[in-house]
Amino acid sequence: MTLLLDKPTSRVAPAGKAPYWTMRRRDTLAGWLMVAPQLAGIVVFVLVPLGLVVWYSLHEWNVLAGTFNFVGAENYKAMASDARLGPVLRATGLFSVGLVVLNLSLALFLAVLLNQKLRGTVVFRTLFFSPVVVTLVAWTIVWGFLLQDNGGVNAFLNLFGIDGPNWLRSGGTAMVSVIVVQLFKNVGLNMVLFLAALQGVPAELYEAARIDGASAWARFRRVTVPLISPTILLTMILTIVGSLQVFAQIAVLTQGGPGTSTTVLVYYLYQQAFQFHHFGYGATLSLVLFLIVLVLTAVQWRMRRRWVFHEA
Amino acid sequence: MRLKLLVYGVLLVCCVPFVFPIWWMATTSLKPVSEIFAFPPTLLPTSPTLEAYRQVFELQPFGRQYLNSLYIALVVTIGTLAVSALAGYAFARIRFRGAGIVFVIVLSGLLVPNEVTIIPLYRMFDTFGLVDTHWPLILIPMLGAPSVLATFIMRQFFITLPAELEEAGRVDGLGRFGLFWRVCLPLARPAIGAVAIFTFLHSWNLYLEPIVFLSSKQKFTIPQALTQYVDAYGGPMWNTQLAAATLSALPVLIIFVLAQRQFVEGLAQTGLKG
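Protein sequence lines correspond, in order, to chains A and B.
When the letters of the first sequence are read in order and numbered with this note's numbering, they come out as residues 637 to 948.
When the letters of the second sequence are read in order and numbered with this note's numbering, they come out as residues 33 to 306.
These are computed hints drawn from the structure, not numbers from a lab.
One or more of the hints may lead you astray.
[Claimed, not checked] When the alpha-carbon atoms are kept at most 20 Å apart in a straight line, the in silico SDA-like pairs for lysine to any residue are as follows:
1) A/Lys-753 - B/Val-39
2) B/Lys-251 - B/Val-42
3) A/Lys-753 - A/Leu-869
4) A/Lys-753 - A/Pro-838
5) A/Lys-753 - B/Val-42
6) B/Lys-36 - A/Trp-853
7) B/Lys-36 - A/Leu-927
Small disclaimer: the values here were computed from a predicted structure and weren't measured.
Chain A extracted, bound-state conformation:
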């Protein structure tokens, strides 16, 4: 097959007979062959499982008993009357909103600082980025250790006579702790994307704004933000979708507790399916997760037309 395709594309055909392997046909064959592994992968590992999620949500599936029975809308009825679902969705929303707001603000703040043409910014950039390459669970474990009741954070506070809370075990602080751990892990990534965008803003624009008498804040608000808005949108989409997938941090730090205060949807789904063996109900929750991702992406896509600045 490769031999055939690698043949020079001379189109000198025997007289009176059109060649079957025209350039167009060759390209179609080559194109299909090249996308085949990816296409097959998406069908087998994404689309078929997605269809199965719908199918399973209509069934009660007991692994231990080996039964798989059609139950119609039972799982959906169970979901409607699940008293824990409300708190779970609230925790999911809190985590995502908190993380996205803090992450984008901090990333932009650090990028602006690093964009001041100072010596040694490469060192700082490296330091801010380094948690990105630290094993996620390793990072989570250290923070878990630091946030213990008698851990490093409280010992530090103690030096100033402050009696810190048991961060991971009290309702008010567990969610904040989980968000902060995730924030410092990955904010370097968005920071680097912002930094690249900032460096692409032409200096003449700032100069012009300054001549017009714009203050530093006005220059940031009216020049910088519009020009880097495509990057803001991109980092926002990546961070939101990423925040909905958070699992390891919850599993290691709080196991969803105390109560359900940090039980985000993915963790709840995992508990129902793989700890309580309610696979049918787990599949129903998976659909909820999918719908959330779908709706958020659609909303962001619409917002893009509204406020993302495009060069004409």
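For this one, chain A is given, so just place chain B on it according to the hints.
Quick look at chain B alone, frame taken from chain A:
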């Protein structure tokens, strides 16, 4: 000058939550148990010991688990590069019948994170007797949803290459695969670098999939193994966990510091720029 000092001051303070945990992880792993919760805390171990590191290997087949993580991440990275470079090239440079619809199908993978499909995926691999093997950890990231971003980055890169480049190749008698392999791929180093880094870290960090699919300690990957160092009451053995964590983090950190320019700028300059 004042302003400069202020910026440096703010930067230094900002560094603490990024750098201190890594420092704390490495130094605590060298402290004896009696010292890890000492008050006031000791920034450097007063009586350093390698006891925790001995336990890391004694309590679990950690060397084996380390190799598992490493070979899985390498296979996934190489596989993803092959799959995404081929598909990205085809989407960017070949006008073929059906390309539009195939591209939409592939992009749909961005909307379906693995967390959504983990239950059917578990059942599928169970049907083929592949639970408690490394196959799911290799096949799903390499061909499924996580590989879509890689294909997208590759496509965004290949689209920027000038058409004359391939015309010259055609004159020299190259076919489609020749153009891909000899002309375009060698130019794609920044994109390949970014995809490789992303993919490796993604596989290296994977946690949900290992704990769903793997049950025997010999087959565990590092993230899963790290949480298994617990005492008889299920409480974490901190210095042992942190020693294992240090072992998992240090090599990647060292590679990163040595090659930070390629890491950071590669990521910033590829299709991800938006």
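Each hint tested on the structure:
| no. | hint | result |
| --- | --- | --- |
| 1 | A/Lys-753 - B/Val-39 | holds (11 Å) |
| 2 | B/Lys-251 - B/Val-42 | violated (45 Å) |
| 3 | A/Lys-753 - A/Leu-869 | violated (26 Å) |
| 4 | A/Lys-753 - A/Pro-838 | holds (15 Å) |
| 5 | A/Lys-753 - B/Val-42 | holds (15 Å) |
| 6 | B/Lys-36 - A/Trp-853 | holds (18 Å) |
| 7 | B/Lys-36 - A/Leu-927 | violated (48 Å) |
When the structure is compared with the earlier hints, violations turn up for hints 2, 3 and 7 and for no others.
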